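So you can see what is in the structure, the chains are spelled out below.
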Amino acid sequence: MTWIVDDLESLVKFLRGKGTVYAPVDSGGTYFGELAREQEPELDGLSDVSARHLFQPMTHYYLKFEDRPDATAGFRDYDTAPRVVLGMRPCDVKGLEVHDRVFAESESYRKLRNATAIVGYLCPARDPTCFCDSVGGAPLSREGMDVSFYRTDDGKFVVTAETDRGRTLMQDAPFASAAQVPAPTFVEADHPKLETLGLAEFLNGTEGSDVWKDIGFACVNCRVCTYVCPTCHCFTVTDEVFATEGGRATVWDSCQARSFTKEASGHNPRAGKPERVRQRILHKFNYYPKVHGALMCSGCGRCIKGCPTGRNIVEELTLLRGGARS
Amino acid sequence: MIDLLKTETAKVLDVVDEAPGLKTFVLEPANAMRFSPGQFVFVSKLGVGESVFAISSDPRESGKIAVSVQALGKNTNALHELDPGESVGLRGPYGNSFPIDEWRGKRVIVIGGGIGLAPLRPVIYSLLGRKHEFQSLSLIYGARLPELLVYKPELERWKGEMDVHLTVDEAKDGWHGKVGVVPKVMTDLALSPENAVAVICGPPVMIRFGHIALKDLGFSDEQVYTTLEMKMKCGVGLCGRCNVDHRYICKDGPVFRMDEINHLE
Ligand SMILES: Cc1cc2nc3c(=O)[nH]c(=O)nc-3n(C[C@H](O)[C@H](O)[C@H](O)COP(=O)(O)OP(=O)(O)OC[C@H]3O[C@@H](n4cnc5c(N)ncnc54)[C@H](O)[C@@H]3O)c2cc1C
Ligand code: SF4
Ligand code: FES
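Keeping their order, the protein sequence lines are chains A and B. Residue numbers for the first sequence follow the working numbering, beginning at 1 and rising by one. Residue numbers for the second sequence follow the working numbering, beginning at 1001 and rising by one.
It should be emphasised that the hints constitute simulated quantities derived from the structure, not laboratory data. Mixed in with the good hints there might be a few duds.
Claimed, not checked - Taking beta-carbon pairs under 10 Å as the criterion, some of the chain B residues facing chain A (in silico):
1. V1048
2. G1218
3. D1221
4. M1230
5. C1234
6. L1238
None of the values given here were measured: they were computed from a predicted structure. The beta carbon of each residue, even a glycine, is placed where N, CA and C say it ideally should be.
Chain A with its partners taken away, still in its complex shape (with noise of 0.2 Å):
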């Protein structure tokens, strides 16, 4: 089923009626936050995060006590109030399939995932880091989409249900419904290409490669690249004590990190830059791959434009490829 919406507020004004609705806002820089009242979403660009913390909030305090410490304080699940979220474009999608296979076993996350409509944005153009094509993803892949929607050259948007809960969503829509419509465009840009055939066999025993030292060497340890990332998902485990409150929380985590690995005996068997991004490497191009038999990657290019000293996965991959084992 296929609807022309004049403009994007009546869209958004429709799904306000269907839940909670997130969106890439503008606050300085753009991320997926709760659309407030009259607050247009930004679809202009990838937003500089990806939804990641909407699918693992970035602090959960799953046991929570108030004023006193009690060791049976009670269990706080995540909140599975119906939600839309708006926007997410095809590599962002594609990146949650990432969290769906680790997570598969939760049942929290399954409930958060299932209370979740996923309205995504098929992509106009392509910003000179993108590079889902290389990784099996492509920018205007309907894939995982409940509902998809793009941009047509005069100004409408084509909508389109894409499964159940999709058709489910939009089942009272009151839009114009199309049977013919204009194919979505896609403005192409230079951009990252990455030979991914062969890449994560390649990568095995590549471990004590001194490709790695120069590829750590510039690395600040700002761990940027794994929080703006669609498929990373490390998490710490922590309790937190305040005035009047406490409890244990789940807190994202990043490989990058130097106490990632560092244990009380001070040993640490990730101790040096080059071991760190390494591991963030190949986690997603050689460990992830031989468990899950795909890429934990999605292209979405934010670690290349995030990194304050301009290291670039595609660069280092290849690099690897030449270097590593000649």
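Use these hints to put chain B with the ligands onto chain A, whose structure you have.
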């Protein structure tokens, strides 16, 4: 993933001083917990934190488990403050276990260093409980100093039930056992690889040199088992930190046969 991190409670039944800075806590889980030798649990105090410990008690005992805790940092020091009767958070058991059934008919050599005896104690209890199924059972156990040897009453008892060799790096007055690091004792004893399996657990250097000693004695990597340690936060293969290669130590381990991991060293 938070539902997979839910904790139960357990009551502290007993606290045993094992060695300076090392205490064993006998816990009574609110919900009975069955485990296999080699598995571990998270013990926590809410508002302080969770830490992971090998279960060190007899797997045949029902209704209680024990962990032996070395005070090293925030959580472990807080746990050392516990008295009998107090309650803690507990979750697990997690991880794989030693494939004791596969060792039937063999000579089983258990090798431990320091607190590395903790995950091995359930192995020894299990082996002794079905002693007739094995050709022979031996234990080689060492620590830096005599006072750092753990489970002293058990060590005495085991001397009557299996072949026990105790050693310390530095002797003191009153020490009648061997002197020298564990790998040296292994070499001096000329351990035979014939129909044998060796299980080795202890500080990383001891495992490294113990493994070398076993190789020199003619043991193949298929005959040697060990446990790996990495910092852990979730214990269920999700938080992403405890991997070596693509394997999460918390889920695919902590027990490995040397041939599964030796290419990683
Ligand atoms: C499979 C396994 C079995 C273990 N068995 C025992 C045992 O039987 N007895 C014992 O005394 N110790 C054992 N340890 C080590 C023990 O978990 C750490 O010493 C302890 O977590 C340190 O916590 P801390 O808060 O006191 O130290 P801190 O340095 O303050 O720890 C900070 C955080 O890092 C984590 N952490 C730090 N070091 C380690 C580590 N080596 N392993 C895992 N997590 C760590 C803790 O979760 C803690 O929250 C085991 C570790 C593993 C992985
Ligand atoms: S963004 Fe760049 S500097 Fe920061 S941790 Fe990642 S690679 Fe290192
Ligand atoms: S402890 Fe979290 S993945 Fe192993």
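Against the structure, the hints:
Satisfaction of the interface hint for V1048 of chain B is found here, the shortest Cβ-Cβ separation to chain A being roughly 6 Å, below the 10 Å cut-off. A cut of 10 Å between beta carbons decides the hint on G1218 of chain B: the least distance to chain A is about 28 Å, and the hint is violated. Evaluation of the D1221 of chain B hint against chain A yields a violated restraint, the C-beta minimum of about 18 Å exceeding 10 Å. Evaluation of the M1230 of chain B hint against chain A yields a held restraint, the C-beta minimum of about 6 Å falling below 10 Å.
Checking C1234 of chain B against chain A: minimum C-beta separation of about 6 Å stays under 10 Å; hint holds. Taking 10 Å as the C-beta contact cut-off toward chain A, the hint placing L1238 of chain B at the interface holds, the least distance being around 6 Å.
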